[in-house]
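Chains as they are written, first to last, in our numbering: chain A, -2 to 95; chain B, 80 to 395.
Ranges of calculated distance between the beta carbons of each label pair, as one might list FRET restraints: (1) A:G35 with B:M262: 44 to 52 Å; (2) B:T352 with A:D67: 41 to 49 Å; (3) B:K113 with A:R61: 30 to 38 Å; (4) A:D67 with B:D310: 18 to 26 Å; (5) A:D67 with B:M241: 17 to 25 Å; (6) B:D363 with A:L86: 56 to 64 Å; (7) B:A244 with A:G35: 40 to 48 Å; (8) B:S314 with A:L86: 21 to 29 Å; (9) A:S63 with B:N210: 49 to 57 Å; (10) B:E180 with A:G60: 54 to 62 Å; (11) B:Q316 with A:M37: 23 to 31 Å; (12) B:K152 with A:E41: 36 to 44 Å; (13) B:K113 with A:L86: 22 to 30 Å; (14) A:E87 with B:S314: 26 to 34 Å.
Stretch-level coverage of chain B by chain A, calculated; a stretch enters the list once three of its residues show a Cβ under 8 Å from a Cβ in chain A: (15) 108 to 122; (16) 128 to 134; (17) 311 to 324.
Derived from the structure by calculation, the hints contain no laboratory data. All values derive from a computational prediction rather than experimental measurement. Just so you know, even glycine gets a beta-carbon here, dropped at the ideal spot from N, CA and C.
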Amino acid sequence: MADTGKASMQVNIVSADRPIWSGQARSVTVPGTKGSMGIMPDHEPVLALLQEGNIRVQATDGGRQSFHVDSGFASFDSNKLTVAVDHYLEDADQGQQS
Amino acid sequence: MASQLAFKSRIASTSALEKIFNAQEMIASSHIAKARTVALEAKPYSDAIFDAVQALVAHTDDIRHPIVRKDEKNPRVAVLALTADRGMAGAYTSSVIRETESLLTRLDQQGRQPQLFVYGRRGVSYYRYRNRSIVKTWEGNSDRPGVDVAREISQALLETYMTPAAKGGVSELYIVFTEFINMVVQKVRVLRMLPLELIRPDQEQPEEAIDAPVPNDEHGSQGDRYVGLYDFEPSPQEVLDAVLPKYIQSRIHECLLTSAASETASRQNAMHTATDNAKGLIDDLTRRLNASRQAAITQELTEIVGSADALNKEEE
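All chains should be modelled from the sequences, with the hints used to inform the complete structure.
Have a look at this one:
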């Protein structure tokens, strides 16, 4: 997996009209309808609805990303996380490039 | 023979038209590239939705959702036709309308009551002029439809679909759109969007039985890894309620995008033909102008020679 030796997972964040971010990450926090949900590599398969809030990504290269999104869903399966949202509103706080 | 002046003015106006056609052609070809990018960028989202729906189908025992239910008793069906906003796209709108008409006739013959929904100004004015009742119309941006219009359309259609039969709901939804195959070939297709036919991944079948416009390659890989454990947050039913409408919206968006690409491609083809025609016309007119000028010169020469001869004769 990741060259750092730590576990990582493939993350794809897409909005209805374009891809937003994709890459390897150590952990991702998504705004689930029942509160924030942290997802780490090798999480059990899950399909969760999202509400408006921030998606926070801790990338394997150490970068942190944050995306403010409205409703959508996140699905995790075979160590691959896909977050599909209706709208990507804007960067919530200063993340490093993509 | 027409006067040289008349030829000259016709040539001038035709070349002005040629310039316009040529410009339109170039505009269309630049839009094609854009339409392609837009379609490519929307693909990951529709793939994600498709995967989610597949997961739902594979991990829930029995999907009982109105979107997949078939209410045979209701004769009303909805038909959505995707046409262009502007003309100058060759037969684009008229072939969609022709296909829609034949679908409506077919449905009529089956004893159904089609309800018409139209997207695109050309289609709307066609049906308005013929006093067809249209349930709802959308106009604007048919050559670059955004997510918003896809959402509006899918919300309106789902609302109609979810309404009970007694209150004017429909039991099926058909979409007539134009599939973009390549720059030269665009095909009008009829897709039955609702009710959805969900097929379990292990059945190795495309998701919709008829005319599924987008092949889904993730499909094969999904079949092999059936996992019993799958968590749905907050609950399978709620996830289903949220994801299925999104799936419909993304499918409609896909239809809109492929139609937009087709529209632009037909416009480019039409404008290319028009440019060629204008060029041919200019060549022809120039030839006739030259002939008429030549004739005038010949006539003048004959007159001069004739009168000189006459003068010479008088002197002798």
